[in-house]
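Going down the list, the protein sequences come from chains A and B.
The first sequence begins at 1 in this note's numbering and counts up by one.
The second sequence begins at 293 in this note's numbering and counts up by one.
Simulated from the structure, these hints should not be mistaken for laboratory data.
Worth double-checking, as some hints may not be accurate.
[To be verified] Heads up, incomplete: computed chain B residues facing chain A, CB under 7 Å, no partners named:
{"hint": "1", "residue": "Arg398"}
{"hint": "2", "residue": "Tyr403"}
{"hint": "3", "residue": "Ile417"}
{"hint": "4", "residue": "Gly587"}
{"hint": "5", "residue": "Val591"}
{"hint": "6", "residue": "Ile595"}
[Stated by the list, open to error] Derived CB-CB ranges, DEER-like:
{"hint": "7", "chain 1": "A", "residue 1": "Ile139", "chain 2": "B", "residue 2": "Phe523", "range": "32 to 38 Å"}
{"hint": "8", "chain 1": "A", "residue 1": "Val89", "chain 2": "B", "residue 2": "Gln607", "range": "15 to 21 Å"}
{"hint": "9", "chain 1": "A", "residue 1": "Ile69", "chain 2": "B", "residue 2": "Tyr321", "range": "56 to 62 Å"}
{"hint": "10", "chain 1": "A", "residue 1": "Arg90", "chain 2": "B", "residue 2": "Ser472", "range": "54 to 60 Å"}
{"hint": "11", "chain 1": "A", "residue 1": "Leu270", "chain 2": "B", "residue 2": "Asn468", "range": "37 to 43 Å"}
Please read all numbers here as calculations on a predicted model, not as lab measurements.
Glycine residues also receive a C-beta, built at the ideal position from the N, C-alpha and C atoms.
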Amino acid sequence: MTLLSQFIQYTISGITAGSIYAIIGICWSVVYLITKILNFTTGEFVMLGGMLTWGFHSAGLGIFPASLIAVATTICLAIVIERTAIRTVRYPSEMVYMMLTIALASIMKGVILLKWGSETRKIDPILGNEVIHIFGAAITPQVFCVLSFLVIVTAGLTWFLNYTLFGKALRASAINPTGAKLVGIDINKFRPFCFGLAGGLGAVTGIITTPITFTGYEIGLLTGLKGLVAAIVGGWGIIGTAIAALALGLLEGFCAGFISAGLKDVFALLVMTIFLILSTFRIPSGFKRRTS
Amino acid sequence: MNQSRKAYVLISLFALAIGVLPFVISSHYIIGVMCFIAIYGSLSLGMSVLLGHAGLFSLAHPSWFGLGAYITGILSIRGIPHPAAIIIAAVCVAILAYIMGAPLLRLRGYYLACATFSLLLIIVIIIGQLGSLTGGHDGLMGIPPFSVGSFVLRGDFHFYFLSWGLCLGILWFLNNLMDSRVGRAIKSFNDSEVASKSMGVNVPGYKLKMFVITAVMASLAGSILCFWIRFIMPDMFGFPLLVELITMIVIGGGKTLYGPLLGSFVVMWMQEIIHMYLGKILPVMTAEVDALFFGVLIVVILICMPGGLASWLEQLMRAGRRVRERLARG
Numbered sequence: 001m002t003l004l005s006q007f008i009q010y011t012i013s014g015i016t017a018g019s020i021y022a023i024i025g026i027c028w029s030v031v032y033l034i035t036k037i038l039n040f041t042t043g044e045f046v047m048l049g050g051m052l053t054w055g056f057h058s059a060g061l062g063i064f065p066a067s068l069i070a071v072a073t074t075i076c077l078a079i080v081i082e083r084t085a086i087r088t089v090r091y092p093s094e095m096v097y098m099m100l101t102i103a104l105a106s107i108m109k110g111v112i113l114l115k116w117g118s119e120t121r122k123i124d125p126i127l128g129n130e131v132i133h134i135f136g137a138a139i140t141p142q143v144f145c146v147l148s149f150l151v152i153v154t155a156g157l158t159w160f161l162n163y164t165l166f167g168k169a170l171r172a173s174a175i176n177p178t179g180a181k182l183v184g185i186d187i188n189k190f191r192p193f194c195f196g197l198a199g200g201l202g203a204v205t206g207i208i209t210t211p212i213t214f215t216g217y218e219i220g221l222l223t224g225l226k227g228l229v230a231a232i233v234g235g236w237g238i239i240g241t242a243i244a245a246l247a248l249g250l251l252e253g254f255c256a257g258f259i260s261a262g263l264k265d266v267f268a269l270l271v272m273t274i275f276l277i278l279s280t281f282r283i284p285s286g287f288k289r290r291t292s
Numbered sequence: 293m294n295q296s297r298k299a300y301v302l303i304s305l306f307a308l309a310i311g312v313l314p315f316v317i318s319s320h321y322i323i324g325v326m327c328f329i330a331i332y333g334s335l336s337l338g339m340s341v342l343l344g345h346a347g348l349f350s351l352a353h354p355s356w357f358g359l360g361a362y363i364t365g366i367l368s369i370r371g372i373p374h375p376a377a378i379i380i381a382a383v384c385v386a387i388l389a390y391i392m393g394a395p396l397l398r399l400r401g402y403y404l405a406c407a408t409f410s411l412l413l414i415i416v417i418i419i420g421q422l423g424s425l426t427g428g429h430d431g432l433m434g435i436p437p438f439s440v441g442s443f444v445l446r447g448d449f450h451f452y453f454l455s456w457g458l459c460l461g462i463l464w465f466l467n468n469l470m471d472s473r474v475g476r477a478i479k480s481f482n483d484s485e486v487a488s489k490s491m492g493v494n495v496p497g498y499k500l501k502m503f504v505i506t507a508v509m510a511s512l513a514g515s516i517l518c519f520w521i522r523f524i525m526p527d528m529f530g531f532p533l534l535v536e537l538i539t540m541i542v543i544g545g546g547k548t549l550y551g552p553l554l555g556s557f558v559v560m561w562m563q564e565i566i567h568m569y570l571g572k573i574l575p576v577m578t579a580e581v582d583a584l585f586f587g588v589l590i591v592v593i594l595i596c597m598p599g600g601l602a603s604w605l606e607q608l609m610r611a612g613r614r615v616r617e618r619l620a621r622g
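Using the sequences provided together with the hints, build the complete structure.
See below:
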């Protein structure tokens, strides 16, 4: 492999990973902005999407019905979690919510492990298996599927939040809950909606990435956390998260290619830690506070 | 009897009961589980003081435990005297905790939790990657039995006293600390940081000190674990251990000192029961499966009984006192 083809290969894998993190980051920020809950089950929704599709598919359903049922199940689960576990907490605080969602994440992980074991699973790609070669770098067509999903989600959510009444109400209650209540917005009805949206987006992400990265019971934690890195660095906005996630994916791709593949997760997590520490100093605060 | 003397009496009674127990019960199995309770109890005591009393939501606690265990194990394999290895590990962990804590503790709330959570994962990954030094994902093997001079500590009986000695020492130390000027300062900045700052409390200094002290406690517990089971692997100190510790604190109640000990008692015995009765039914039996049961427990307790067992006990005691008063009145 020449250096150029290596460079292109790492760029492509970086952009693919970045788009995945972008969608997951959007899932985190949708829930965080409305409910002020860091939902640690976000990564598990991604895992559930892939594993449930694999499960239904291997039980004899076609790939499209299986994906539909998987997405629907994850959305229902997300809404049920919000109604039963999150809303019934008697003394809500950041610490309690975080413990609760970490516990829920470990429940989902354990159930999937007991049901389907610890092997990695894969499903067939939607766009076929043929590999495209550009300057000696290989691309699977599934990458285009992931990229177009990111574009659709970003564009769709931006339109939804800026040009529909429901979306504007959602933004208003994220910016100022009390003010939103005063003008007659029922904030509580947004909470299950946001959890359902995060669950649905996460599940679809899980399904379309399974042909590339495969899936298993334990992928949720690290994938989810990298989405959180993108959301925090991007300042909880949609466009910001997407840009931060693509940068993170590229960084990870090049680090994995040129430095060490085993340490690539460390780089992503270090980015978050260093960014958080830097943001406590006054300098980049203007950059951080902007939300779209 | 005032409050602090009452606590002393209770702690000494508890220590007496613990000291007598191995002479009454000769079952190796029960003594072994009690060792685990002591080790994880000292770990959860430190973490509950950080979480419940100081209000620092630090999730990196298992990694100090792991680092302590690994440094002790590696040094003792290389032939360093074992007590020296334990002390070197504690000093290394204290320095690391100081260096990392100083910038990290500027964060608070969710952001502190995220940063320390990523620190936890980073340390587990790095330990797994340093294969030549730590044995990688297969774990560190060949740790010699703990010996001081010619005296060799072997078996559950010796480690029972060592681990409970550490645990009771930590309990006594934290009980004293929380009753002192420092402890009141720590509780005050958990309630309101601005108010305690305006009263002249050096908030960042106290936070950092508590962080380092609890990290050293975790490191000591890790050293004992490493000599006792004589095999450690990176997965023992990752996410499942964090869920286990949170379960202990939530079950017991993080606002009191005896809560986490109670929690670790319940959790360790529950784990044994799960392994004994469900091990045959379930297809796999790993730390993640335990974490599933602990997750259910956390959710149920946070929703139905937010104060944990400690608040339940206190309610019971208050009810008992009320009944006694009513009886005395006739």
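Hints that the structure is at odds with (numbers, increasing): 7, 9, 10
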